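Enquirer: Please assemble the complex out of the two chains, which come individually in their own frames, going by the hints.
As a plain string of letters, each chain reads:
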Amino acid sequence: MAARALREAGRRRGWAAEVGRRCFSGGSAGTAVPERKEGGGGKPVNLFTAVNQALHIALDTDPRAYVFGEDVGFGGVFRCTTGLADRFGKNRVFNTPLCEQGIAGFAIGLAAMGNRAIAEIQFADYIFPAFDQIVNEAAKFRYRSGNEFNCGGLTIRTPYGAVGHGGHYHSQSPEAFFCHVPGLKVIIPRSPREAKGLLLASIRDPNPVVFFEPKWLYRLSVEEVPEEDYMLPLSQAEVIRKGSDITLIGWGAQLAVLKEACEDAAKDGVSCELIDLKTLIPWDKETVEASVKKTGKLLVSHEAPITGGFGAEIAASIAERCFQRLEAPVARVCGLDTPFPLVYEPFYMPTKNKVLDAIKATVNY
Amino acid sequence: MAAMWLARRAARRLPPLLSRQGGEPTRPWFLGSTAPPPVLGSPPLPAVERIFRRGFCSVRRFAGESSAAAAADADEEEPENGFAGGDQAIDFPGGKVSFMAEMNFLPESHGERIKCYRVLDDDGKTISGSRFQEVSKEVAVKMYSEMVTLHIMDNIFYEAQRQGRISFYLTSNGEEAINIASAAALSIDDIVLPQYREPGVLMWRGFTLQEFANQCFGNNMDYGKGRQMPIHYGSNRLNYFTVSSPIATQLPHAVGAAYSLKMDKKDACAITYFGDGGTSEGDFHAALNFAAVMEAPVIFFCRNNGWAISTPTTEQFRSDGVVIRGQAYGIRGIRVDGNDALAVYSAVHAAREMAIAEGRPILVEALTYRVGHHSTSDDSTKYRPVDEIEHWRTARDPISRYRKWVQGNDWWSDAEESELRSRVRKELLQAIQVAERMQKPPVAELFTDVYDQVPSNLREQEQLLRDTIMKHPADYPTDVPV
Chain A
381 MAARALREAG RRRGWAAEVG RRCFSGGSAG TAVPERKEGG GGKPVNLFTA VNQALHIALD
441 TDPRAYVFGE DVGFGGVFRC TTGLADRFGK NRVFNTPLCE QGIAGFAIGL AAMGNRAIAE
501 IQFADYIFPA FDQIVNEAAK FRYRSGNEFN CGGLTIRTPY GAVGHGGHYH SQSPEAFFCH
561 VPGLKVIIPR SPREAKGLLL ASIRDPNPVV FFEPKWLYRL SVEEVPEEDY MLPLSQAEVI
621 RKGSDITLIG WGAQLAVLKE ACEDAAKDGV SCELIDLKTL IPWDKETVEA SVKKTGKLLV
681 SHEAPITGGF GAEIAASIAE RCFQRLEAPV ARVCGLDTPF PLVYEPFYMP TKNKVLDAIK
741 ATVNY
Chain B
-17 MAAMWLARRA ARRLPPLLSR QGGEPTRPWF LGSTAPPPVL GSPPLPAVER IFRRGFCSVR
43 RFAGESSAAA AADADEEEPE NGFAGGDQAI DFPGGKVSFM AEMNFLPESH GERIKCYRVL
103 DDDGKTISGS RFQEVSKEVA VKMYSEMVTL HIMDNIFYEA QRQGRISFYL TSNGEEAINI
163 ASAAALSIDD IVLPQYREPG VLMWRGFTLQ EFANQCFGNN MDYGKGRQMP IHYGSNRLNY
223 FTVSSPIATQ LPHAVGAAYS LKMDKKDACA ITYFGDGGTS EGDFHAALNF AAVMEAPVIF
283 FCRNNGWAIS TPTTEQFRSD GVVIRGQAYG IRGIRVDGND ALAVYSAVHA AREMAIAEGR
343 PILVEALTYR VGHHSTSDDS TKYRPVDEIE HWRTARDPIS RYRKWVQGND WWSDAEESEL
403 RSRVRKELLQ AIQVAERMQK PPVAELFTDV YDQVPSNLRE QEQLLRDTIM KHPADYPTDV
463 PV
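Line order of the protein sequences matches chains A and B. Sequential numbering from 381 applies to the first sequence in this note's numbering. Sequential numbering from -17 applies to the second sequence in this note's numbering.
Pulled out of the complex, with its shape left as it was, chain B reads as follows (with noise of 0.2 Å):
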C-alpha cells in the first residue's frame, strides 16, 4: 500500500510531457531530452521564493512547487490518510487539478531570462556544441545575397525618399537576417501574412527590384494600383498577403489561412511576423488563443526589435519578453538570436515541421535592435542614444556576422562582393528610373475593387469627378491619366 502510494506521487511529479514520452523512440534534438520544450533551461528558485525565504513567513508553508528542497520537505510531511493538501484532485472543468496546503502563489517571472538560441559568435563561427539545421553552399551564399541586396535596397529607396522621389520609406536596416533566413526556411507554399519590416521575405520569393519599385513609386504596375503608400507591397503569386499598416491585424488572419491550409490538408504552414509592439495588440492575443484551440499551423514570428517607434520595451511589457507569453496559451515557441541567420533560419525550419506535421502554432520570437529610424518620418536620436544605434549598426550587424562565416567555409570572396554591390546597386538605380517614367495607374482605377463589381453610387461619383476635372483640370495631377 505504502509503496503504490510513492509510486504515485513520483509518477505526479514527473513533468507530464516526460511521462507520456516513455516510449517514444525518436524525438527532435530541438524539443530537448528531459524538460517540456518551451521551458529553455531549468527554472531557477522562483523570486517568491528568495523573498519569503529573507522575509517573515516560514519557507516551508510557502515555498515554490518547483523548488526540490521543498517538495521533499512535503513528502517527509504527508500524512498516512493521504488528505494532505497535495494529495487531492478534483475534475474541474478542463481537467484534473490537484491540491496544495501551501498558499503559493506562482512569481511573476522565472527570475533568470529566458535563453535565446543562437548558431554563430559574434566574429560568425559556430558555437561549439551548437546544433542547426544544414545549410548549402547554393542556399547560404544565395541568403547572404539577399540580406546585401536587401540592405542596398533600404538605403537606395530611404534616400530616393530623402529626395522627394517616393513619399514614404521604411528600412528593415538591422533586421536582414530575420527576413531572409525566415524565408529561406519556408516553403513558397508557405501562406505568409507580413507586418511591413518584412521585404526581404518577398525578395527571397523572387519579387524582383523593379516590383518592389514600382508599389513604392505607386505606378501602373503597382499590383496595389498606387492606392497604399510605399512599402505595403503584397503579391498573390507569391503567397504574400498585401501589407495593412494598422498593427497586429493579420495575425488573426494567419490563424484563418492555417486553417484552411489544415483543412485541404496541404504540406504548408502560414507565417505571420510582428514586432515587440504588436504584442500589446488584442489580435496578438486572440490569434494565439484561437490558433491554440483550433491547433493551427501559423507561424507566429516576433521580431522584438526593442522599439516601437519611441516606446521602448520596457513600456511595452512587464513580461520576459514575448516567448513566455505562448505557455499561458499553450503554444510552444523559441526564443533566438534575430541577429544570427543560421539560428534564424534553424528555428523556422523545425517551427515549420512541428507546425505542419503536429497541426499546432508554433511562436518565435527573434531578439534584434532597430537599426534605422521607425520610418523617413521618424528620428529616432530624439529618443534614443546614438552610441546605442551604433553599437548594433556595426558591432551587431548580422549581415557581417553571416558574411564571416560564409567566406570561412570558402564560399564567398571579396571580389564577389564588390562585384554583388555594385550590380545592385545599378540595378536598383535602373529600376528607380523605369519606377519614375511610368504612368500612374488611371483615374478609372480609383473606383474599381472596392467591391467585385463597380455598384451604381460609385458609377454616379465617378461621371461626377470627371465633370469636375474637365472645369478644373489644374486642380488635378497631370501624372494620372484621365
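This is chain A alone, in the form it adopts within the complex (with noise of 0.2 Å):
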C-alpha cells in the first residue's frame, strides 16, 4: 500500500522529486565525513543514479576495484552498473554464471587478494543459496584465521523489500537473518544521496559489508546528490526529524512511511522524532538511546516480518538500556509473519495508518 500510495501521489503533485527532496535532504551535512562539501548540491537524480554514480567513483579511485554479478554487464536490470563495463573493461566488470554461492565465494577470494569485491546479488529474496559463503566464509575470515586473512574488501550490493507487484520472490526484507551474523556490516540506505555515500563507504570499510537497496525508490527517490566523491560513516545514526512526543526508527524505504505518518501526526499535535538507523549491525544504540530518554516512547518499523526481525533487537536493547524512562511498551509496526503476498501486498505492509495508530496507542497509553 505504502508503495501504491506513493506512486500514485507522485504521479498526483510531482511528489517523488518535491517530497524526495523535502524528506532527505538536510540534516545529514552534520554527520558528514571530511570529503563531503557542506550542504551536499548537486544535481537531483534517482537512487540507482547515485548508486551508479557511487559505483563509477570506486572504480576510478581504486584500480583494484572489481564490480560482477547477474547482468550487470549491460548495466543490470536497475540499471546500477550501466556504463561501468565500458568505462573500466570487461576485466572489471562483468556478467558471472547465475549462481549466487558462486558469486559470493568468488567474491571472498578475490576480495582476500587485497582486492575491493563488489558483487551485486540481483535480488534480495536470491541471497540465500550465499547464505553459507556470507555466513560462514566472509564473517568469519578474518576472526578464524587471527588476522592472517581478512576479506574486508568485500561489499555485497542487493536490492530488497517491497515494490507493490513482486510477489513472494520480488520484495523481502531479509535483512535480519545477516543482523546476527558477527563480523559483517549491514547498511540500508533511504535516499539517494544516503546511497552514494554509505555505498562509498561500505565499499571502502576494511570489514564485509551487506548492503541492502530500496529497490521501490531506484526510480522514484529523487535528490540533489552531490557529483564528487564522499562517504557518510557507518553505525552512525542520524536524527532526521526532531520531536518530544515519540521516537520513531526505521531505515531504508520504511522512511518515507514514518515521515508521512509523522508528518499527519503532527496535524493531530503529535511530536514525533524520526530516526534513521542506517547500519544495522554494529548499530548505533546511543543515538537511539538519547532519543528514547527524551521522548519516553519507542516505536519501531520494518517491512520484514515482525517475529525475529531487527526491531525486536531494538526493542529488547532499549527497554534494557531505557526501562526506567519508558512510558509505554515498545511498539513494532512491522510486514505479518506469512510468505510476501502479491495481492495481499496492501494488507502485509506495514503502512502509514498502521504507524500511525500505534504512534496514537503508544501516546495515549
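Hint data in this document are derived by calculation from the structure and do not stem from the laboratory. Predicted model only: the values in this text are computed from it and were never measured. Ideal Cβ positions, reconstructed from N, Cα and C, are used throughout, including at glycine. Incorrect hints may appear among the rest.
Listed below are the simulated DSS-like cross-link pairs for lysine-lysine, each with C-alpha atoms no more than 27 Å apart in a straight line [to be verified]:
no., chain 1, residue 1, chain 2, residue 2
1, A, K734, A, K665
2, A, K647, A, K622
3, B, K124, B, K453
4, A, K470, B, K78
5, B, K248, A, K470
6, B, K386, B, K124
7, A, K673, A, K740
8, A, K470, B, K247
9, A, K665, A, K740
Some but not every residue of chain B turned toward chain A, in silico, with C-beta under 7 Å [to be verified]:
no., residue
10, F114
11, Y205
12, G206
13, T224
14, T231
15, G264
16, A268
17, N271
18, A274
19, V432
20, P455
Expert: Structure (C-alpha cells):
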C-alpha cells in the first residue's frame, strides 16, 4: 500500500522529486565525513543513478576494485551498473554465471587477495544460496585466521523490499538474518544522497558489508546528490526529524512511510522524533537511547515479518537501557508473519495508518 | 562439387582440437598428439549402442556417433541434396550445432573407466614408457623426508589426542604422496586454499613442527589465536589460507584468488584441495563453472580417497569419479595415482604450467585411500573392513613405494632412514612439550578480529564478561590470561 500510495501521490502532484527532496535533504550534513562538502548540493538524481555514480567513483579511485554479478555487464536489471563495463573494461566489470553462492565465494577469494570486490545479488530474495558463503566464510574470515587473512574488501549489494507487484520472490527484506552474524556490517540507505555516501563508505570499509538497496526507491526517490566523491559514516544513526513525544526508528524505504506518519501525527499535535538507523550492525544504540530517554516512547517499523525482525533486537536493547524512562511498551509496526503476498501486499505492509494508529496508542498509553 | 562435399564431411568428423592444431610446431608431451587432452584412450563402444545391438532397434538408426562403422554407414546413405539430418547446422546461441537424423542419446558413461596416470609401479620402479617430470636428487630426498615427517607427525599428534592433550586430530595417513608431491610441484607464490587433509602442503612450504603444535594446542603462538579446532592451520607468510571446516567452500575462493593473480599478471596460480565428498557440494559446481567462464588459473585438486566419513563413493556419485566432470564444464583434467609421488608431482607440475600460461583451470583427480579414520571422532572399522584398510596401509603405502624408487637411485640409505625417524620424533615431542606449556591467548583476543576494530557492543560485552570472571573465577579455565 505504501508503494502504491507513494506512486499515486507521485503521479498526482509530482511528489517523487519534491517530497524526495523535502523528506531527505538536509540533516545529514552534520554527520558527513571530511571528504564531503558542507551542504551537499548537486543535481537531482534518483537512487539507481546515485548508486551508479558511487560505483563509477569506486572503480575510478581504486584500480583494484571490481564490479560483477548477474547481468551487470549491460548495466544491470535496475540500471545500477550502466556504463561501467564500457568505461572500465570487461576485466573489471563483468557478468557472472547465474549462481549466487559462486558470486559470493568468488568475491570472497577476490577480496582476500587485497581487492575491492563489489558483488551484486540481483534480488535480496535470491541471496540465500550465498548464505553459507556470507555467514560461514566472509563473516569469519578475519576472526578464524587470527587476522592472517581478511576479506574486508567485500561489499555485496542487493535490492530488497516491496515494490508493489513483486510477490514472494521480488519483495523480501531479509536483513535480520544477516544481523545475527558477527563479522558482517549491514547497511540500508533511505535516499539517493545517502545511498551514494554510504555505498562508498561500505566499499572502502575494511570489513565485509551487505548493502541492501531499497528497490522501491530506485526510480521514485529523487534528491540532489553531490557529484563528487564523498562518504557517510557507518554505524552512525541520524535524527532526521526532531520531536518530543515519541521516537520512531526505521531504515531504508520504510522511512518515507514513517515520515508521512510523522506529518499526519503533527496535525494531531503529536511531536515525533524520526531516526534513520542506516547501519543495522554494529548499530548506533547511543543515538536511539538518547532520543528515547528524551521522548519516553519508542516505535520501531520495518517491512520484514515482525517475529525475529531486527525491530525485536532494538526493542529489547532499549527496554534494557531505558526501562526507567519508558512510559509505554515499545511498539512494533512491521510486516506480517506470512510469506510476502502478491495481491495482499497492501494488507501485509506496515502502512502509514498502521504506524499512525500505533503512535496514537503509544502516546496515549 | 562432390569432392568438396566429401572434403567438408571429412573435416567435420575430425576432433575440433586436432583440426585446429594443424600448424602447431610443438606440443607438450602430456597433451598427447591425436586426441583432445581430457580423453585418455579412445572411447570404446558406448553402452547405449551395446544395448541396442542386442535389443529391438536397428543399430543403424540408434548407433552412437563415436562408432566409426556407423559413421561410415551414414556417409554412404547421405542423399545428394545434402539435407540429411547430419548435414544441417544452425547458429544457436553458443555456436553452430549440426543435426543428426538418428535419435542418439548420449551414453551415461564411456564404458571403460578413465585411465589413471602412473609413473611408479608397486615396487617403486618406473613403468616402461612412462613419462614424468625430472626430479633432482635434492628435491626427491626432501620429498621423501617430508612424507616421512608428515606420517610421524600424524602418529604422534593422534596419540596426543588419545591421551587427552589436544581436543581433536585428523591424519593424512595414506595421502602423504598427494600432500608432499603436489606441494613440491608448486611455487611459493602459488596460493593454496586447502580443505583440511593437506597439512603436508604447509609443511613443504616451511611451517615448522612447532607451528603445527602451537595450532593444535591453541596456545598464545597459534596464528589463529586458539579460536579454531586443531588442524585448522593457516599462514599468510606461506600463502596458505586458513582452513575452515565447511566442505568445498574454499573452491569458489580459489577462483577469485586465481582471477586476482591473473589480473595482476603474476607468474602464479591458485590451487585448492578437496575430497570426493566435497564434489557433491554446490560450491564445487559453482567454482568449476566460474573458473571455466572466467578463465582463471586455478588447479582443482581432488583427493578421491573413497570415503566421506562413512559414505563410500558408490553412494556419493554415479559418474566415473570426478575427473570426467571437468569436461562438462569445459575444463581440462587428469586422473592420477595419488599413491605415486612421481605421478602426482608430474601432473601438478604440468597443470600449473598450463593454468598460468594458458589462463585456464585444470582439474586433477588423485585416486587414493583414506587409511586413517576420518578424524579422532570416528572409528572407520564400523563401516569398512579392517583387511581393506590394512591392504592400503601396507601393500599400497605411498611412502614405501616412493622410498624404493629413491633408494633405487642410491639417494637414500637405511642409516639415513633411522636418523631421520629418530630426529623427527624427538623434534615433535619437544614441540609438543613447548606448545603444551605455553599460555593460552588472553581473553581480550576473544573480542578482536571480529571486525578490523572492536565495536562498542563488543567493548561493552567484554566489560560485562570481565565483571563476571571476577565474580565467578572458578567457572573459567585458569590457563587463559584474563
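Enquirer: Confirm or reject each hint.
Expert: A quick look at each hint next to the structure:
Distance restraint check for K734(A) and K665(A): the Cα-Cα separation of roughly 25 Å lies within the 27 Å cut-off, and the hinted pair is therefore satisfied. The straight-line distance between the Cα atoms of K647(A) and K622(A) is roughly 15 Å, inside the 27 Å bound, and the hint therefore holds. Only pairs whose Cα atoms come within 27 Å are accepted, and K124(B) paired with K453(B) is rejected, the gap being roughly 54 Å. Simply put, K470(A) and K78(B) have alpha-carbon atoms about 25 Å apart, close enough for the 27 Å limit, and the pair holds.
Taking the CA atoms of K248(B) and K470(A), the gap is near 19 Å; set against the 27 Å cutoff, the hint holds. Restraint check: the Cα-Cα separation between K386(B) and K124(B) comes to about 15 Å, which is no more than 27 Å; the hinted pair holds. Between K673(A) and K740(A) the CA atoms are separated by roughly 19 Å; this keeps the pair inside 27 Å, and the hint holds. At most 27 Å may separate the alpha-carbon atoms for a hinted pair to count; K470(A) and K247(B) meet this at roughly 16 Å.
With a CA separation close to 25 Å, the supplied pair K665(A) and K740(A) stays within the 27 Å bound. Because the beta carbon of F114(B) sits about 31 Å from the nearest beta carbon in chain A, more than 7 Å, this interface hint is broken. The closest approach between the C-beta of Y205(B) and any C-beta of chain A is roughly 5 Å, which is under the 7 Å cut-off, so the hint is satisfied. Here the hint on G206(B) is kept, as its CB sits about 4 Å from the closest CB of chain A, short of 7 Å.
Checking T224(B) against chain A by beta carbon gives a least distance of about 4 Å; that is within 7 Å, so the hint holds. Nearest Cβ of chain A to the Cβ of T231(B): about 5 Å, under the 7 Å cut. The hint holds. A least Cβ separation of about 6 Å between G264(B) and chain A falls short of the 7 Å threshold, and the interface hint therefore holds. Taking 7 Å as the C-beta contact cut-off toward chain A, the hint placing A268(B) at the interface holds, the least distance being around 3 Å.
Taking 7 Å as the C-beta cut-off, the interface hint given for N271(B) holds, the closest approach to chain A being about 5 Å. The beta carbon of A274(B) is not positioned within 7 Å of any beta carbon in chain A (closest approach about 9 Å), and the interface hint is therefore violated. With a least beta-carbon distance of about 5 Å to chain A, the hint placing V432(B) at the interface is held under the 7 Å criterion. Nearest Cβ of chain A to the Cβ of P455(B): about 26 Å, over the 7 Å cut. The hint is violated.
Consistency note: the structure conflicts with the earlier hints numbered 3, 10, 18, 20.
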